[in-house]
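**Q** Residues per chain, in single letters:
Number of protein chains: 2
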Amino acid sequence: MSKGITPKSEDHNKWYTDVITKAELADYGPVKGTMVIKPYGFAIWELVKDEFDRQFKATGHSNAYFPLFIPKSFLAKEADHVEGFAKECAIVTHSRLMTDEDNTIQVDPSSKLEEEIIVRPTSETVIWHMYKKWINSYRDLPILINQWANVVRWEMRTRLFLRTSEFLWQEGHTAHSNKDEAVEETLKILDIYKNVSHNHLAMPVLTGRKTNAEKFAGAVDTYCIEAMMGDKRALQAGTSHYLGQNFAKAFDVKFQTENNNEEYVFASSWGVSTRLIGAIIMVHGDDSGLRLPPSIAPTQVVVVPFFKNDDELKKIKDYIDPYIHQLSNMGIRVLLDDRPKMSPGFKFNEWELKGAPTRLEIGFKEIENNTITVFRRDTKQKENISIDSVITYTSNLLDNIQDNMFVQANDFMNKNIFSVSTYDEFKNIINKGGFIRCGWDGSDESEKKIKEETKATIRCIPFDEKPDNLNCIFTGKPAKHEVIFAKAY
Amino acid sequence: MSKGITPKSEDHNKWYTDVITKAELADYGPVKGTMVIKPYGFAIWELVKDEFDRQFKATGHSNAYFPLFIPKSFLAKEADHVEGFAKECAIVTHSRLMTDEDNTIQVDPSSKLEEEIIVRPTSETVIWHMYKKWINSYRDLPILINQWANVVRWEMRTRLFLRTSEFLWQEGHTAHSNKDEAVEETLKILDIYKNVSHNHLAMPVLTGRKTNAEKFAGAVDTYCIEAMMGDKRALQAGTSHYLGQNFAKAFDVKFQTENNNEEYVFASSWGVSTRLIGAIIMVHGDDSGLRLPPSIAPTQVVVVPFFKNDDELKKIKDYIDPYIHQLSNMGIRVLLDDRPKMSPGFKFNEWELKGAPTRLEIGFKEIENNTITVFRRDTKQKENISIDSVITYTSNLLDNIQDNMFVQANDFMNKNIFSVSTYDEFKNIINKGGFIRCGWDGSDESEKKIKEETKATIRCIPFDEKPDNLNCIFTGKPAKHEVIFAKAY
Chain A
0 MSKGITPKSE DHNKWYTDVI TKAELADYGP VKGTMVIKPY GFAIWELVKD EFDRQFKATG
60 HSNAYFPLFI PKSFLAKEAD HVEGFAKECA IVTHSRLMTD EDNTIQVDPS SKLEEEIIVR
120 PTSETVIWHM YKKWINSYRD LPILINQWAN VVRWEMRTRL FLRTSEFLWQ EGHTAHSNKD
180 EAVEETLKIL DIYKNVSHNH LAMPVLTGRK TNAEKFAGAV DTYCIEAMMG DKRALQAGTS
240 HYLGQNFAKA FDVKFQTENN NEEYVFASSW GVSTRLIGAI IMVHGDDSGL RLPPSIAPTQ
300 VVVVPFFKND DELKKIKDYI DPYIHQLSNM GIRVLLDDRP KMSPGFKFNE WELKGAPTRL
360 EIGFKEIENN TITVFRRDTK QKENISIDSV ITYTSNLLDN IQDNMFVQAN DFMNKNIFSV
420 STYDEFKNII NKGGFIRCGW DGSDESEKKI KEETKATIRC IPFDEKPDNL NCIFTGKPAK
480 HEVIFAKAY
Chain B
0 MSKGITPKSE DHNKWYTDVI TKAELADYGP VKGTMVIKPY GFAIWELVKD EFDRQFKATG
60 HSNAYFPLFI PKSFLAKEAD HVEGFAKECA IVTHSRLMTD EDNTIQVDPS SKLEEEIIVR
120 PTSETVIWHM YKKWINSYRD LPILINQWAN VVRWEMRTRL FLRTSEFLWQ EGHTAHSNKD
180 EAVEETLKIL DIYKNVSHNH LAMPVLTGRK TNAEKFAGAV DTYCIEAMMG DKRALQAGTS
240 HYLGQNFAKA FDVKFQTENN NEEYVFASSW GVSTRLIGAI IMVHGDDSGL RLPPSIAPTQ
300 VVVVPFFKND DELKKIKDYI DPYIHQLSNM GIRVLLDDRP KMSPGFKFNE WELKGAPTRL
360 EIGFKEIENN TITVFRRDTK QKENISIDSV ITYTSNLLDN IQDNMFVQAN DFMNKNIFSV
420 STYDEFKNII NKGGFIRCGW DGSDESEKKI KEETKATIRC IPFDEKPDNL NCIFTGKPAK
480 HEVIFAKAY
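Respectively, the protein sequence lines represent chains A and B. Per numbering that gives the first Met the number 0, the first sequence starts with residue 0, numbered consecutively. Per numbering that gives the first Met the number 0, the second sequence starts with residue 0, numbered consecutively.
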């Protein structure tokens, strides 16, 4: 147990905040609801971002940048959309400050804008306004654009990374000449989301479709990846929307087909955000702090030397430097922590807190015996190995940890997905924690009542649902869908 | 001369906008003053950004992210700072929209914020608010943080990339325990700016210090890189500020020194922005459009085949594909433009417009003779070479173009920096275009009057100034500094 961290089992929320604060991932900004992502947290985000970016580009997408500011009237053009975002907007109304007679800074009333401006909560409206200018014919399609940006959704109950007024994300916005292609795109992206979650974040996710009540404001269908956190609650980790022709109609974006007809353009949009950092913390963290999968760990191998003075440090460096260079040349992110006046024990705690997947320890005992001690963060096991094998061993170990962390998280998730046969059982499990896979009659009303009574929501209608012979857990009627229920962040 | 582009010599402003529009670099956003960076423009920005990012990280800097929103009161804390930014702020005053009786969307008056929020024009204030929380002792220093972000400065006269209400940039904010280290940091960054400009953007820059009138609002000293555009006007391409203890005092950020004293922290801040894309266009562009230095060209080599049908295309591909793969494996960004139903001539124009540094042309004549035709965009020369030598030739050619474009731009700049001995001569040259290197008496008043009379400003006091024996070009008094005057963007 690391100093100063509330144990996870004792108070999950406090543990979460402690990890973020003590591992220096993020801090609270001065405006309520805002967040500062500190360098270590941002380094993780950069690795996550780079992997998504690589996969988007490999599938033909380009990055672009659209304005932060959206005219108020745009938001109103798609009815569901404005409904979904109206209550959480930052609204710009003026463009100048002035100094009043008391020499205090005031908003200059004469700078009032003709039309108020919305700070983007998402960019469908401004992007479809531009797409109207860019799309004339089928030859202009598809458009496959992504942007990395900040968005703002006013939040009262802040939780770092999970729920903040401003967050960083990517938002893809694609335009297509037919429905099939747009749906295919929507699902292709969901597949990338799942793939990066599994293979890089070591985070198992369930995939499926959202119910009408839970889908994106303006979508025909919303698909999602849902993950189970360490407290058995669900987190929506990414969404991909098939938008049909909704935004094309709202912004009058038609194209000339190959047969010289006119048709509205079909669309998708999709996003993942810095919320994923919160997911990583909660899926993998333990009482000692963060545990990072090697793929997204800013420091994959930390080297901690035991030394009392510069002379001793020099001897250790002579011993280890060639191996450090070799690991580094292989593309492994390795760091020698030779900070003076800090005990190795202190450094051990700090790097366990920060979740570095492996640690190499070297003192004179290791040098005498031509060995090195290797610590793995996932299982906290230590092993003393021959120094000659350190390169292969460490490199294999990183792969092994990456795989093991996925297996651990996957076992945990599968162990905590339950089938139930009565609503009492349902409530009991929702209270204790876990996902429930059961039948639902497909009505908004049952969904709403279950939410009111238990706080559980339908996380998704899984792609592999088997609704036949199931009954709705609430009404007992024949199930329309098999769904996943859980309390969610 | 490419279709639809105004010749540069005829109307430089219109030429500039034409290049941006026709090469699909950017477009105007719906809110006045905002800009959309289109995929091709953004791909250039990504290459520029990646190079800066690499160099910042190599010199010990980390990225982080601070909030977009700044409390109004923060801006007022540093007197010069608020003076500098008060007149161009986007101010958030409300947080909700509502539907009124006419079913139109209105700002909900009940959502008025207690304190208005400023959308960051730059982040010194919010960052120094955080640094107060993070800095206690000399052990916490230095802090070397950079962020890539959007900022907003209300603009009435929009010019794409050069002057927009929102733009993308990086802003570095460092904190140090002493003046020397902070000044050293300020200059180290200026050196990176110069280095990337010269070696990657192929854009020669003059370096020096800004006058008091031109320095950053809140800085002790502002250092800059200044470039000469194709119309001989100056563009401030990057600035690095030594902030002294100004922001530390405004935000009460003290630290405990090694000797157990208390002192205010010393600071630097520095930035380059998407304005650099505008500079690249204006330094290198010609009547055919953009010319991109290979280092920042999204497509370094475009391959244009001459074919009439799929069969012919297949034969050409069989011939060229192995070489394309080889170039690609060497890290060269190569693209085969095999779009059907488009003439090679059309593609030539398009890629010249988009500034691809080299073009490989292949028809059956080339295949028969085992050759390939190579076109270089910088000089528009064509050469027919043996196919066996295409890899070495192209790879060397890219280096050669990179160097040549710098030499061309540098010659142009040097040819257009003038010495003058009278104020009449000064006015004459400022009117015709060019930089003037001359004496200045150091007074705000002369500087102001020259600006009023000629629109020329002091771009910088160059590091290699030699003010001895010079007189002020305006007052005739002994010069305090040798300076560079020019009309600027």
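Don't read these hints as lab results, they were simulated from the structure. Please read these numbers as outputs of a predicted model, since none were measured by experiment. Idealized CB from N, CA, C, for every residue including glycine. It is possible that some hints are incorrect.
Said to hold, decoys possible - Incomplete in silico selection of chain B near chain A, CB under 10 angstroms:
1. Tyr39
2. Pro66
3. Leu67
4. Ser94
5. Met97
6. Glu115
7. Ile116
8. His128
9. Ile384
10. Gly441
As the list claims (entries may be wrong) - Subject to a maximum C-alpha distance of 25 angstroms in a straight line, what follows is the list of computed DSS-like cross-link-like pairs (lysine-lysine):
11. B:Lys132 - A:Lys21
12. B:Lys48 - A:Lys132
13. B:Lys21 - A:Lys131
14. B:Lys316 - A:Lys56
15. A:Lys31 - B:Lys21
16. B:Lys111 - A:Lys76
17. A:Lys21 - B:Lys48
18. A:Lys21 - B:Lys253
19. A:Lys447 - A:Lys479
20. B:Lys253 - A:Lys56
21. A:Lys346 - B:Lys48
22. B:Lys21 - A:Lys56
23. A:Lys231 - A:Lys448
24. A:Lys253 - B:Lys56
Claimed, not checked - Covered, in the sense of this in silico footprint (three residues per stretch, anywhere, with C-beta under 8 angstroms from a C-beta of chain A), are these stretches of chain B:
25. 21–31
26. 193–199
27. 307–316
28. 326–335
**Q** Take the hints in turn and mark each one as holding or not.
**A** Structure-based check of all given hints:
no.	hint	in the structure
1	Tyr39	8 angstroms, holds
2	Pro66	4 angstroms, holds
3	Leu67	5 angstroms, holds
4	Ser94	4 angstroms, holds
5	Met97	7 angstroms, holds
6	Glu115	6 angstroms, holds
7	Ile116	6 angstroms, holds
8	His128	5 angstroms, holds
9	Ile384	31 angstroms, violated
10	Gly441	30 angstroms, violated
11	B:Lys132 - A:Lys21	14 angstroms, holds
12	B:Lys48 - A:Lys132	28 angstroms, violated
13	B:Lys21 - A:Lys131	17 angstroms, holds
14	B:Lys316 - A:Lys56	23 angstroms, holds
15	A:Lys31 - B:Lys21	44 angstroms, violated
16	B:Lys111 - A:Lys76	24 angstroms, holds
17	A:Lys21 - B:Lys48	31 angstroms, violated
18	A:Lys21 - B:Lys253	22 angstroms, holds
19	A:Lys447 - A:Lys479	16 angstroms, holds
20	B:Lys253 - A:Lys56	46 angstroms, violated
21	A:Lys346 - B:Lys48	34 angstroms, violated
22	B:Lys21 - A:Lys56	24 angstroms, holds
23	A:Lys231 - A:Lys448	22 angstroms, holds
24	A:Lys253 - B:Lys56	46 angstroms, violated
25	21–31	holds (count 4)
26	193–199	violated (count 0)
27	307–316	violated (count 0)
28	326–335	violated (count 0)
Violated hints, listed in ascending order, are 9, 10, 12, 15, 17, 20, 21, 24, 26, 27, 28; each of the other numbered hints is respected by the structure.
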